[in-house]
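> Put together the whole structure using the sequences plus the hints.
Residues in the sequence shown are numbered from 1 upward in steps of one, following the working numbering.
Hints are computed from structural coordinates only; laboratory data are not their basis.
Bear in mind the structure is a predicted one, so any value in this text is a computation, not a measurement.
Please note: incorrect hints may appear among the correct ones.
Said to hold, decoys possible - Using 25 Å as the maximum straight-line C-alpha spacing, the simulated SDA-like pairs for lysine to any residue come out as follows:
(1) 708 with 479
(2) 424 with 361
(3) 713 with 691
(4) 711 with 667
(5) 571 with 602
(6) 703 with 376
(7) 423 with 692
(8) 424 with 479
(9) 456 with 76
(10) 248 with 456
(11) 708 with 670
(12) 571 with 603
(13) 248 with 53
(14) 424 with 448
(15) 248 with 482
(16) 456 with 482
(17) 456 with 78
(18) 87 with 27
(19) 456 with 47
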Amino acid sequence: MSSLTLVQLLLLGLQVIDATANSLRYCTDLVPLDLLSFVLEKDTSKLLPGVHIRQSGGVRGIHFSSPHASMSFPSSELLANCDIFPKEFSIVVTLAAAHVASTRNDYIFTLMESKKSGRRGLGEESHKRNVLRDKERGNSREEQQEEKERRSTAAEEHGRIILGLRFSRNRLHFLFKGHAGVVEHWVFRGTGLTDNRWHTLVLAVNSRHVRLTVDCNAPMEIVPSRPFPSELNIQGSRFHIGSRGRWKGLFSGLLRQLVLVPGSDATGHICPSSEPQLTALSVPPLLLDLPITGRKNNDGPTSYERQVSVGLDRSCTPLLEGQLWFNPLRKGLYLCDGSEWITVLQDRQRLDYVLEHQVLTTSSETHDVEVFQVPGVGTMAAMAHRSSVSGSAVYLWTPTGFQLYQNVSTFGALSWRHFNMGKKTFLVVSNFGGGPDKHANKEPEADFSVIYKWSKRRKRFVAFQTLQTHCARDWEAFNINQQTYLAVANHRLGNNNHTIDSVIYTWNRLTKSFEVHQKLPTSGAYDWEFFTVGPYHFLVVANAFDGVTTAVDSVIYVWINGSFQVFQTIKTFCATDWEMFQIGSRVFLVVANGHRLYGTGPSRYAINSTIYELDVIGRIFVRFQDIVTYSAVDWEFFSLGEEYFLVVANSFNGESYSLNSILYRWQGYEGFVPVHWLPTIGCSDWEFFTSKGESYLIYSSAKAPLSKVFKLKTY
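This is the structure in structure tokens:
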């Protein structure tokens with residue numbers, strides 16, 4: 001073989017290696033990953049085999065009786081689109097170590113290669129050399145035993161373990177695959193963990209050092225000679241919770257919390273804490289509280305008492321029915337009825353001022369934002385972005401604000417709507433464009449809206465069903481007699497035909513899809529709002545334009561004998577939104593009027609939006625209050641304690657998109673009065689949400705690539 005041919009082959013080999021390295025994907029969705037909830041919530045109707053709920057000191061944890069396959073899952077299910085493990089991360093663990101752990105190795109979790117890629121141990125000769133070296137160095141018996149334990153573990157897992165955390169003899173062991181496939185072993189001695197007592201540990205790893213914080217005390221630090229690898233390949237690997245997939249090494253204590261936080265040190269998120277041994281970043285709902293328990297007293301018969309849990313955030317589930325919860329921030333006491341918390345006692349909250357909390361830079365202008373909850377994941381926000389190139393985005397709420405969680409391919413998205421069917425979570429998007437192949441369609445006017453379903457396995461929204469729509473401006477989801485319906489507001493067909501049908505879809509349990517149930521004539525429909533008053537179900541449409549004028553009737557429908565019938569018509573002016581709300585026994589509807597337009601005449605953007613109140617005796621909505629707005633496109637109602645508020649999205653005054661949206665407070669006989677002026681740019685939507693006892697507002701902008709989150713300070 002000539003030297004030239006040899007050089008060419010070497011260069012070709014280097015190119016292949018370089019191409020392989022460049023094809024590896026790095027983690028970009030840096031959000032906290034709750035490993036424990038991920039496995040426990042696969043089927044919330046029952047516990048996994050080999051897993052039992054136990055308590056220590058009145059606090060719940062899970063105990064493992066066998067390393068069942070259900071406690072293992074591919075890393076790709078949680079670290080989606082990732083081939084390289086994050087080079088900086090934290091692991092948050094809350095555990096109660098059993099006394100037996102002082103004489104064994106208990107694995108809290110491991111990340112393992114598949115068995116096919118594993119290699120055998122280090123060999124007998126290597127072991128003999130290590131023993132002779134110990135004798136020559138004069139190591140103590142304890143040191144020799146510890147070194148033997150370390151070598152045994154390294155030998156057994158050499159070539160298989162990628163990452164692991166285990167506990168033994170009051171030591172915490174952090175293992176990972178280092179240079180040349182050798183298992184590195186960093187040990188924290190004297191962790192101060194008391195047998196059968198709860199402790200919360202935060203292990204923070206970065207390129208310079210690794211720190212362990214126990215119960216929010218001063219951290220212990222290791223500065224290794226070689227840093228944690230920057231390219232730790234996890235392709236084909238599996239997480240094992242509470243073991244390494246075998247009986248040997250099964251965690252013998254109780255585990256309450258296990259969270260992987262890529263990209264940051266989680267210590268600052270949970271410390272300082274008033275209860276450092278049990279401070280929580282994410283605890284599975286099954287373990288949050290104890291149900292009613294019986295206790296025998298010395299006076300004779302058994303007496304029963306409700307345990308009161310204390311904290312800023314709790315989930316109410318059927319398992320916690322009858323449980324009491326005290327929220328120290330709200331100064332409120334609540335009772336779980338099996339589905340939601342009922343207020344028993346609560347200190348009155350009053351709005352003090354509104355504070356800008358986060359400026360969220362988005363990939364495009366945003367027509368709508370939808371805030372919702374995904375069980376086991378948290379609060380999320382879906383943004384309807386105008387750009388078809390970047391698509392739309394789903395964000396996850398974190399202690400620092402909303403962080404990008406998932407990108408979704410959309411085409412001129414106009415709105416999102418979240419809904420649930422049983423335990424399944426869905427999102428539906430209104431697309432203004434049909435997609436990249438729209439021009440190939442036989443009907444160029446047709447757009448396609450898409451329903452997405454939350455995948456518990458992939459922890460992502462995945463496409464579920466596509467429906468043909470016509471410049472859909474809004475979706476509304478509702479239930480009547482345990483049947484799920486979707487209503488779409490079709491705005492126009494082509495560029496000129498605004499008088500078209502909007503459609504009510506119903507869920508077909510046999511075909512597992514939504515099918516047409518009823519069509520209703522609309523004029524430039526912009527929004528649907530569903531609400532219930534007593535036994536009656538209503539649906540109101542915001543009609544915006546009939547092709548000539550914006551002075552058109554919006555229609556309230558009532559459900560009669562399986563379909564919607566006209567209940568009342570109301571004259572509106574480019575109606576863009578309806579919001580229903582109740583104050584005590586009084587029922588209100590408020591409309592957002594956009595502008596006055598007739599033919600080719602000038603538009604008027606400063607016009608009244610109107611609040612209507614239901615006259616129960618007359619069975620009609622009557623005018624209650626007019627409020628001057630500026631091309632209003634949305635109203636949002638919310639309450640704080642015993643106070644009630646409306647916030648309007650003012651979008652344009654005829655000259656500028658930069659103007660104040662206004663927050664109004666209910667003043668009884670005075671109606672709603674302005675109390676806060678919030679600077680916005682082309683405001684397109686407002687959403688109110690709460691997290692850990694705090695209240696927030698978020699607005700989206702249709703004229704700038706940003707959204708803002710405001711924190712509502714109370715006193």
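> Hint by hint, say whether it matches the structure.
Status of the hints after comparison with the structure:
{"no.": "1", "hint": "708 with 479", "verdict": "violated, 32 Å"}
{"no.": "2", "hint": "424 with 361", "verdict": "violated, 30 Å"}
{"no.": "3", "hint": "713 with 691", "verdict": "holds, 13 Å"}
{"no.": "4", "hint": "711 with 667", "verdict": "holds, 22 Å"}
{"no.": "5", "hint": "571 with 602", "verdict": "holds, 20 Å"}
{"no.": "6", "hint": "703 with 376", "verdict": "violated, 34 Å"}
{"no.": "7", "hint": "423 with 692", "verdict": "holds, 23 Å"}
{"no.": "8", "hint": "424 with 479", "verdict": "holds, 14 Å"}
{"no.": "9", "hint": "456 with 76", "verdict": "holds, 13 Å"}
{"no.": "10", "hint": "248 with 456", "verdict": "violated, 30 Å"}
{"no.": "11", "hint": "708 with 670", "verdict": "violated, 30 Å"}
{"no.": "12", "hint": "571 with 603", "verdict": "holds, 17 Å"}
{"no.": "13", "hint": "248 with 53", "verdict": "holds, 21 Å"}
{"no.": "14", "hint": "424 with 448", "verdict": "holds, 23 Å"}
{"no.": "15", "hint": "248 with 482", "verdict": "violated, 49 Å"}
{"no.": "16", "hint": "456 with 482", "verdict": "holds, 24 Å"}
{"no.": "17", "hint": "456 with 78", "verdict": "holds, 10 Å"}
{"no.": "18", "hint": "87 with 27", "verdict": "holds, 10 Å"}
{"no.": "19", "hint": "456 with 47", "verdict": "holds, 16 Å"}
The structure does not agree with the numbered hints 1, 2, 6, 10, 11, 15 stated previously, though it agrees with the rest.
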